[in-house]
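Heads up: the protein sequence lines correspond to chains A and B, in order.
Numbers given in the numbering used here equal positions in the first sequence, counted from 1, plus 110.
Numbers given in the numbering used here equal positions in the second sequence, counted from 1, plus 2.
Bear in mind the hints are in silico, worked out from the structure with no lab data behind them.
We put the beta carbon where it would ideally sit given N, CA and C, even for glycine.
Careful: at least some of the hints might be erroneous.
To be verified - Where chain B lies over chain A, by a calculated footprint (3+ residues, C-beta under 8 Å):
{"#": "1", "segment": "215-223"}
{"#": "2", "segment": "255-267"}
Unchecked claim - Derived list of chain A stretches under chain B, where covered just means 3 residues or more per stretch with a C-beta under 8 Å from a C-beta of chain B:
{"#": "3", "segment": "114-128"}
{"#": "4", "segment": "362-369"}
{"#": "5", "segment": "420-431"}
Next come the chains, spelled out residue by residue.
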Amino acid sequence: MIKFLFKRLLLTVPTFVALMFITFLMIRLVPGDPIEVRRGERGISPERLEILRHEMGLDQPIWKQFGDYVWGIFHGDLGTSVISKTPVLHEFLTLFPATIELSFFAMLIAAGLGIPAGVFAASKRGSVYDQSLMGIALTGYSMPIFWWGLILVLFMSNTLHLTPVSGRTDLIKYFYPAVTGFATIDSLISGQKGAFADVLRHLILPSIVLGTVPMAVIARMTRSAMLEVLEEDYVRTARAKGLSAWRVIGVHALRNALIPVITSIGLQVGTLLAGAVLTENIFSWPGVGHWLTESIARRDYPALQGGILLIASIVIMVNVLVDLTYAAINPRIRYGK
Amino acid sequence: MVSETISLPKPRGAFASFWNSFSENRGAVIGFYVVLAIVFIAVFAPILAPYNPLEQFKGATRLPPFWIHGADSKYWLGTDAVGRDMTSRLMYGARISLFIGLSVMLVSMVLGVILGLASAFYGGIVDVIIIRVMDLIMAIPSLVLEILIIAVTGPSLLNTVIAITIVYLPRYVRLLRASAIAELSKDYVTAAKVSGVGKLRLMLVTVLPNCTAPLIVQAALGISDAILEASGLGFLGLGAQPPTPEWGAMLADTRDLMQSHPWVMALPGLCILITVMAINLMGDGLRDALDPRLRKS
């Protein structure tokens, strides 16, 4: 196991190096160098330009610049946002909890509805229930989520006035200090009446929107995993023993069917973060996805560079964790490769 | 003496047997016909569309579609904020979406096949490099990587295609590599090797045809994914630029009209949903028919 862990971690090193190189190159490939971008419309004198170039290390040879960049990364320096003048890492860390919170609730909805739907569909294979559930799953899987979000806002918020249109909380009514950065926890800590309920009301639509595609994937996956497991001998034995259908499906079969499902949930972190970019844009959710697209609009390349580096690193690390968990559950994987 | 000839039913051709098992799946057949209809609209958009999709009719802005009171029969799906005919724009939108879906699929499939085969055949350092690069691409969330590429190249339809092609490359590479490696250990490959078949011929003529079933399935689903992805970029303002009638981009500038004129927002999204769903239905059917191992039920 230790050997596997070590090997798996070692494999990520070249990926990280390549990732740093790509994000490093990116800022140099953008039309106009960083100084040009910074100079704006006012323009600067040639002397000042030289000083700035020197300050940013742009007069150094490229390999030295890359070395400095990597050195900076390992010391927590991901550059400074051109617009807000704050360190990129700091900006990212303030916004990231909002994205985690949204993704967490989205996954909760996706797994909470997707797994039972898949199990039910598999147990009623071929029936009207099965067909309609899989029809819904296919619709969810094919959904342009930005449109889905707008449609939900139109009905739930604008017509029925059930949920707020955007943001994480009603800033006029409730104010609480950001202790953890997670609005659900912070609002509970603050002890303000109604603050927590308000946060949940803000969370529900974005979570549904972000959870739609994963929900469909999970439902389809659970169904096919269940169908496979239901044909196994031990399920027949359990049935022959006279166990109730509920027990056979819910306990004996589900347990084994869940292994691939849980792995796929872990591997959907990347999908979630990509979906978060769109979802956060629709609901003006102050997370990293919204921040990334804003950075493009503002040509804030250091922010973009740092943000992409951080997001990709997180996805790589989560994938390693999923692999390791999977290896821990399934001994057959351990000595492979 | 009369010699009798017994007429046996002709053995089914490959296509007939494929169609037979494909048409078992009702959803897949429906999907197939919807896709045909969309392709028809896309190809003949210049003939079918009542107006030029970019032409603005002054005094005919924000007209509702025919089923809502106040509609003008000249514009049966209504007009948008600047008086462009929605029917025409949506028809041309089908063209753009299919163009994106097909070109992304074709380019990433061809490149993926080449890289995947090279990876399986040469092994060693070639394999390691290709697989590492693919891992890197897969490590970055799709939309984030597309944003990175478009930040460098600038937003346009062509760059959308390039960005999505790069993002989807690993799927084909990994698929091809895995099935090619599986095929390489089989006897017929050894036989071909022994009889002195050259490497290129071995790759393209001997092994590749045996990897096509999963490839076709992946390609079909790749088209719909690319359409979704491109519309997302269009929605963020990073894909096709206005006034191009791309469905995602059409959605982007309707948000302030959402409440008063919801159909301007509803229609392009519905088109994306129907197109993507039809292709997915067809893809599921293709998978069941071509690749029984992957049969989901």
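Hints versus structure:
1. 215-223: violated (count 0)
2. 255-267: Our answer is that it holds, as 8 residues pass the Cβ test (under 8 Å) against chain B, meeting three.
3. 114-128: holds (count 3)
4. 362-369: Violated, because only 0 residues of the segment 362-369 of chain A bring their Cβ atoms closer than 8 Å to Cβ atoms of chain B.
5. 420-431: holds (count 5)
Taken one by one, the earlier hints fail for this structure at numbers 1, 4, listed in ascending order.
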